[in-house]
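Peer 1: Here are the chains, one letter per residue:
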Amino acid sequence: MANQQPQTLASEARHKKILTIVFTIICVIWVLPVVCVAINSFKLNTFVKTETFALPTEESFAGWSNFITGMTFGNYPFWSAFGYSALITVLSTALILVCCSMAAWYIARVDSKFCKVIYTLCIFSMVVPFQMVMFTLSKTADTLKLNTPWTIPIVYLGFGAGLAIFMFVGFVKSIPLEIEEAAAIDGCGPVRTFFLVVLPMLKPTLISVGILEIMWVWNDYLLPYLVLDINQYRTIPIQIQYLKGSYGTVDLGATMAIILMAIIPVIVFYLSCQKYIIKGVAAGAVKG
Amino acid sequence: MAEVSLKHITKIYPNIEKTKKHHFGKKAAEPEKKSNLKVTDEGVVAVEDFNLDIADREFVVLVGPSGCGKSTTLRMIAGLESISGGELTIDGKVMNEVAPKDRDIAMVFQSYALYPHMTVYDNMAFPLKLRKVPEDQIDQKVRQAAETLGITQYLDRKPKALSGGQRQRVAIGRAIVRDPKVLLMDEPLSNLDAKLRNQMRAEIIKLRKRINATFVYVTHDQTEAMTLGDRIVIMKDGVVQQVGTPQEVFNEPANLFVAGFIGVPQMNFFDGHLEKTASGYVLDALDTKIAISPETGKALEAAGVTSLDVTAGVRPEQIQLANADEPGAMSGTIDVSELMGSTVHVHASVEGYDFVLVIPTIDFDGALGRSFADGAPISFKFEPNAVHFFDKASGKNIIKP
Ligand SMILES: Nc1ncnc2c1ncn2[C@@H]1O[C@H](COP(=O)(O)OP(=O)(O)OP(=O)(O)O)[C@@H](O)[C@H]1O
Ligand SMILES: [Mg+2]
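Keeping their order, the protein sequence lines are chains L and C. First residue of the first sequence? That's 1 in our numbering, and the numbers climb one at a time after it. First residue of the second sequence? That's 1 in our numbering, and the numbers climb one at a time after it.
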């Protein structure tokens, strides 16, 4: 600030105007695909390709028919895909949050070789691309019966742990040790210290990690596709893929409708947690 | 009833630096240089052979410069730090391996360590809730403690919305709600500004009369130590230097370190030579021969002194201005003088030694007619009785055994 050229108020106002315009354009570009999906999900299939960016007209408007087609498509009910997606997302995220926050607390507070090794491994796991391990993984998952929606969260825990532990450890280290010592004197054992004192303080990080994991698991395609028995269990991304495959032709309108259905929960979730997301990200920025 | 007894308590931190040296080369050597702690094969000795019996309801203050092991000692009493050697008993029960929550102690931390996600009320109720105290009793105790500390109007706030002084009160409140046997405090006032610190100090004195606990209080501020403590433990580099009442440590410091540490401004030190003559002891220092009073002489005789190089010490308050031609008067030049209000602190140098004199301004009249200008000459004297003698080699007080 100090070495900036002194600016007149007028030029500052002009700068602001330019910035506003630039960012508006960026925002529009950013949301355009989502808007396109929303628009096209209400258009008849034939109009999706020809008038992609146009609003639905009287002629092209399809009403709810795309949604109905999409949801009753093929021989797999959409609602079970939705249910499995939700189940896997909720279970995985919960498992990651609980296990990783506990592990991170231990790693951050216990000063031993073992912890350092574990921490390094966790960091390292973030660097290994999924594609490198996916085939051995799907075999292993099959053998260990991790191929159902109730057990696949364990696989997600393995993949999510790296980032989650990294973020939690950073935050735990910023919590003064004295607070936990005060808890120990006040009458908490390790378990109560963690759940009554540490966990509530971790709230901002819990939220930001939770959001990252929810987005990732909800949208993930490859892992459930490789691990789950596709005839029995499908998540929404897999179901969308099947809409495309089965007849050789693609019902784009129905696809858009389902994509919209898949996006809506994430958007609702984002809007309801917006306050915490910004807080959590900021907390991570300062303390991470 | 809570007597706390520390017998040969020792704390050794395993030497981490040794292993780190391989990685960081030069850097690791630095922290060792800073402190004068003893380093053994096992590690850094942070507290060495600490012996103290604390009576029920006594207020003991641990005081010493930074890094001398005060907090470590306190944390060993609390059970937050393992005890490397010796025995800690509270009420006759050995506590070395007992978990902090089962020692019936409470602690106030320097950083307050309040739970940020709980309201003031919940912070104070937390230890009671964990002990399954009935809800109505919790409410009564919390409100009573809040009343005592004057924080009733903040009970619904989170700690974030409080000032330092208010947070400190909450921390004290959380410690006293459950009537602990022993109340440990680690520099509770050092984050407060000077005025608030004085105020809180007075409140701790009041508080202590109201509650039935044994206090162990850590500070590096000797004023706090002198005003609060029934007994003061002065530590340096992990070793106890002296244990005594405020009067004792002030009037009969065990060694040079205690003499210099207790008292503001510091005691004035100068080298001299003690000689036994036919007419009694004579201190030869600062170009003057000072005859030592017979009482002190007797004590010196008992200590077996005949001829000895000593470091002598005189408290600034015990020096009076004098005329240059008076017998026993010393002369020097003024370096700086500081007007403190009711007194003037005059810094003078005599024969290469720095002296501080505290001169009450009330006595100012024309009689001595001096102005304390920088560079002006000054003469002063002190009663031979006021002089403390320390062995020049070991620093020990010669008279006090
Ligand atoms: N984990 C540790 N490993 C090695 N040395 C340590 C460790 N913790 C503390 N020490 C050393 O022990 C000594 C005593 O520390 P302590 O915290 O008790 O000092 P203190 O008297 O409370 O000082 P202050 O007034 O600064 O709080 C210090 O010199 C410190 O370097
Ligand atoms: Mg300390």
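The hints are simulated quantities; they were obtained by calculation from the structure and are not laboratory data. In this text, all values refer to a predicted model and were calculated from it rather than measured experimentally. Do not take every clue at face value.
[Claimed, not checked] Think about it this way: if two alpha-carbon atoms lie no more than 35 Å apart in a straight line, the pair counts; the simulated DSBU-like pairs of lysine-lysine are: (1) C:LYS7 / L:LYS113; (2) L:LYS173 / C:LYS276; (3) C:LYS181 / L:LYS113; (4) C:LYS129 / C:LYS38; (5) C:LYS181 / C:LYS38; (6) C:LYS93 / C:LYS160; (7) L:LYS203 / C:LYS132.
[Claimed, not checked] Just so you have them, the derived chain C footprint on chain L, three or more residues with Cβ under 8 Å: (8) 98-108; (9) 136-143; (10) 170-180.
Ideal Cβ placement from N, Cα and C applies to all residues, glycine included.
Peer 1: For a C-alpha distance cap of 35 Å, please report whether LYS203 (chain L) and LYS132 (chain C) respect it.
Peer 2: 26 Å, holds
Peer 1: With a cut-off of 35 Å on the C-alpha distance, tell me whether LYS181 (chain C) and LYS38 (chain C) pass.
Peer 2: Holds. LYS181 (chain C) to LYS38 (chain C) sits at ~33 Å (cutoff 35 Å).
Peer 1: Hint check: LYS129 (chain C) vs LYS38 (chain C), CA-CA at most 35 Å. Holds or violated?
Peer 2: Judged against 35 Å, a Cα distance of about 43 Å means the pair is violated.
Peer 1: If you look at each residue in the stretch 98-108 of chain L, do at least three have a Cβ nearer than 8 Å to any Cβ of chain C?
Peer 2: violated (count 0)
Peer 1: For a C-alpha distance cap of 35 Å, please report whether LYS181 (chain C) and LYS113 (chain L) respect it.
Peer 2: Given that 35 Å is the threshold and the Cα spacing comes to 38 Å, the pair is violated.
Peer 1: LYS93 (chain C) and LYS160 (chain C): Cα distance at most 35 Å?
Peer 2: 39 Å, violated
Peer 1: With the threshold set at 35 Å, check whether the alpha-carbon distance from LYS7 (chain C) to LYS113 (chain L) stays at or below it.
Peer 2: Distance of about 34 Å is within 35 Å: holds.
Peer 1: Does LYS276 (chain C) sit within 35 Å of LYS173 (chain L), going by the straight-line distance between their CA atoms?
Peer 2: 64 Å, violated
Peer 1: Verify this for me: three or more residues of the stretch 136-143 of chain L with a beta carbon less than 8 Å from a beta carbon of chain C.
Peer 2: violated (count 0)
Peer 1: Using C-beta distances, would you say chain C covers the stretch 170-180 of chain L, given that this needs three or more residues below 8 Å?
Peer 2: holds (count 3)
Hint compliance for this structure: hints 2, 3, 4, 6, 8 and 9 are not met, and every other hint is.
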